[in-house]
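Participant: Taken in sequence, the protein lines are chains X and D. Per this note's numbering, the first sequence starts with residue 1, numbered consecutively. Per this note's numbering, the second sequence starts with residue 1001, numbered consecutively.
Keep in mind that the hints were calculated from the coordinates and are not lab data. Keep in mind that this is a model prediction, so the values were computed, not measured. Among these hints, one or two may not hold up.
Each computed SDA-like pair below joins lysine to any residue, with the alpha-carbon atoms no more than 25 Å apart [what the hints assert, rightly or not]:
#, chain 1, residue 1, chain 2, residue 2
1, X, K80, X, N145
2, X, K113, D, E1179
3, X, K80, X, S137
4, D, K1207, X, E174
5, D, K1197, X, I100
6, X, K113, D, K1031
7, D, K1136, D, A1057
8, D, K1104, X, Q124
9, X, K182, X, Y164
10, D, K1132, X, Y164
11, X, K162, D, K1031
12, D, K1176, X, K119
13, X, K119, X, E86
Which chain X residues face chain D? A few, computed with CB under 10 Å, are given here [what the hints assert, rightly or not]:
#, residue
14, A72
15, Y92
16, N96
17, S112
18, N136
19, W138
20, P151
21, Q166
22, Y170
23, E174
24, P179
All C-beta atoms, glycine included, are put in the ideal place defined by N, C-alpha and C.
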Amino acid sequence: MKITYIFIILFAFLGCKDTKNKDDFAESNNKVTSTPLGENVEAIDLEIYDFSGFKKFLNRRDDKVYVINFWATWCAPCVKELPHFEKLNQQYKKDNVEVILVSLDFPHLYESKLKPYIKEKNIQSKVIALDDLDMNSWIPQVNENWSGSIPATIIYKRENSKFYEQSFNYNELESALKPFLK
Amino acid sequence: MKKLIKLISVAVVLLFVSAFTINNSIGEGYKIGDVAEDFYLKNIDDNMVSLSNYKDAKGFIITFTCNTCPFAVMYEDRVQALNEKYEPKGFPVIAIMPNDTSVKPGDAFPEMKKRAKQKGFTFPYLIDEEQKVYPKFGATKTPHMYVLERTEKGHVVKYIGAIDDNYRDASAVKVKYVENAVDALLSGKEVEQKETKAIGCSIKTAKNN
């Protein structure tokens, strides 16, 4: 099952590359092509969703507390707070907490930036990529008060949910999580 | 009479409390229909710029933007195109760089000058050095656009949000939010889509970094 997904994603990828305008991001495209395919970053299984596919991650109704962090490798404060989310994921796994890191990186940089970053930092939390151009329709569906700046974080358990358009240090993050642990 | 005063003061207190609690969650700053205060900020040509300098403007396209945010960079040419199209019609672009440059050295004033020269910006590129202007607008990210209309009341906020609906590919844009807003104002109509959302880089302050 999973293998089929990987194939679908891979195909979607190759498809994109072909149809993409050559003029767009000329500089960065060079970098993409210079990353040899089949290198070890390819082994990283990155799930890529549009918003309709992604929505399920905001609507889980099991016993877990989900900490959903919107970030990107190009976003300095996001990258800075990422270790805190990693630590939270480690420390609170036993309390049924799961951190999901939702990357808003640009699709043409998944291979050259995002995957190498995940590998280099040895990120243990689940990383998924959200690629949906229609931001004006999906941002308010994540939270109607979100202006669209990142980092942004949702902590939820079943119907109980809190949204934060801010950066966290570890203590702040821990205290934001605490009310959900009872 | 006393009762009435009591009632009014209770109402005022309640209003205050609710205003604060609501503001906490949705952020402060101008809403559609608010009158924007004028500002006095340094341009890359070292002159100071205010809205009141523009005697003949019918309004403004204000963009909070910077050198270092990839979204802002992807929109640079489109901001320049907006100025070329709308300055002659009375809606010039004014760009304001809101980041703390000690956090983002790439946005420092000399870097702003360089970038503007490289890209051939024909609009002012101002620095919000004290970071006091962007909070008044309620800007949270770059790029963050505001369309103002000059009226007898002052400069009224008519549109807040993104430039268009496709950051990645200017040629694949379906809806040009800012152009539609300005076109509506130029023909004396109501702006249809008054607010839009888009991902952007948070505005950098010493505190949030």
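Participant: If a hint holds in the structure, say so; if it does not, say that too.
Facilitator: A quick look at each hint next to the structure:
With a C-alpha separation of about 24 Å, the suggested pair X:K80 and X:N145 falls inside the 25 Å cut-off, and the hint holds. Using a Cα cut-off of 25 Å, the hinted pair X:K113 and D:E1179 is violated, with the two alpha carbons roughly 34 Å apart. Taking the CA atoms of X:K80 and X:S137, the gap is about 28 Å. The hint is violated against a cut of 25 Å. This hinted pair checks out: D:K1207 and X:E174 have alpha carbons roughly 19 Å apart, not beyond 25 Å.
For a cut-off of 25 Å, the pair hint linking D:K1197 to X:I100 stands: about 23 Å separates their Cα positions. Note on X:K113 and D:K1031: the hinted pairing is violated, with a Cα-Cα distance of about 37 Å set against a maximum of 25 Å. Distance check on the hinted pair: D:K1136 and D:A1057 sit about 22 Å apart at the alpha-carbon level, within 25 Å; holds. Of the pairs offered as hints, the one joining D:K1104 and X:Q124 is violated, with about 29 Å between alpha carbons and a cut-off of 25 Å exceeded.
Restraint check: the Cα-Cα separation between X:K182 and X:Y164 comes to about 20 Å, which is no more than 25 Å; the hinted pair holds. With a C-alpha separation of about 23 Å, the suggested pair D:K1132 and X:Y164 falls inside the 25 Å cut-off, and the hint holds. With a C-alpha separation of about 24 Å, the suggested pairing of X:K162 with D:K1031 holds against the 25 Å cut-off. About 38 Å separates the Cα atoms of D:K1176 and X:K119, which puts this hinted pair outside 25 Å; it is violated.
Between the alpha carbons of X:K119 and X:E86 the distance comes to roughly 14 Å, so the proposed pair stays at or under 25 Å and holds. For X:A72, the suggested interface contact is upheld, since its CB lies about 8 Å from the closest CB of chain D, less than 10 Å. Residue-level restraint check for X:Y92 is violated (minimum Cβ-Cβ distance to chain D is 24 Å; threshold 10 Å). Annotation: X:N96 was flagged as interfacial toward chain D, and the flag is violated, the nearest CB pair being 27 Å apart, outside 10 Å.
Among the interface hints, the one on X:S112 is violated; its C-beta lies about 14 Å from the nearest C-beta in chain D, farther than the 10 Å criterion. Taken as an interface hint, X:N136 checks out: its beta carbon lies about 4 Å from the nearest beta carbon of chain D, inside 10 Å. Evaluation of the X:W138 hint against chain D yields a held restraint, the C-beta minimum of about 8 Å falling below 10 Å. Interface restraint check for X:P151: the shortest CB-CB distance to chain D comes to about 7 Å, inside 10 Å, so the restraint holds.
For X:Q166, the interface hint holds, the least distance from its beta-carbon to any beta-carbon of chain D being 7 Å, beneath 10 Å. Because the closest C-beta pair between X:Y170 and chain D is about 15 Å apart, greater than 10 Å, the hint is violated. Because the smallest distance between the Cβ of X:E174 and any Cβ of chain D comes to about 18 Å, over 10 Å, the interface hint for this residue is violated. Because the smallest distance between the Cβ of X:P179 and any Cβ of chain D comes to about 16 Å, over 10 Å, the interface hint for this residue is violated.
Taken one by one, the earlier hints fail for this structure at numbers 2, 3, 6, 8, 12, 15, 16, 17, 22, 23 and 24, listed in ascending order.
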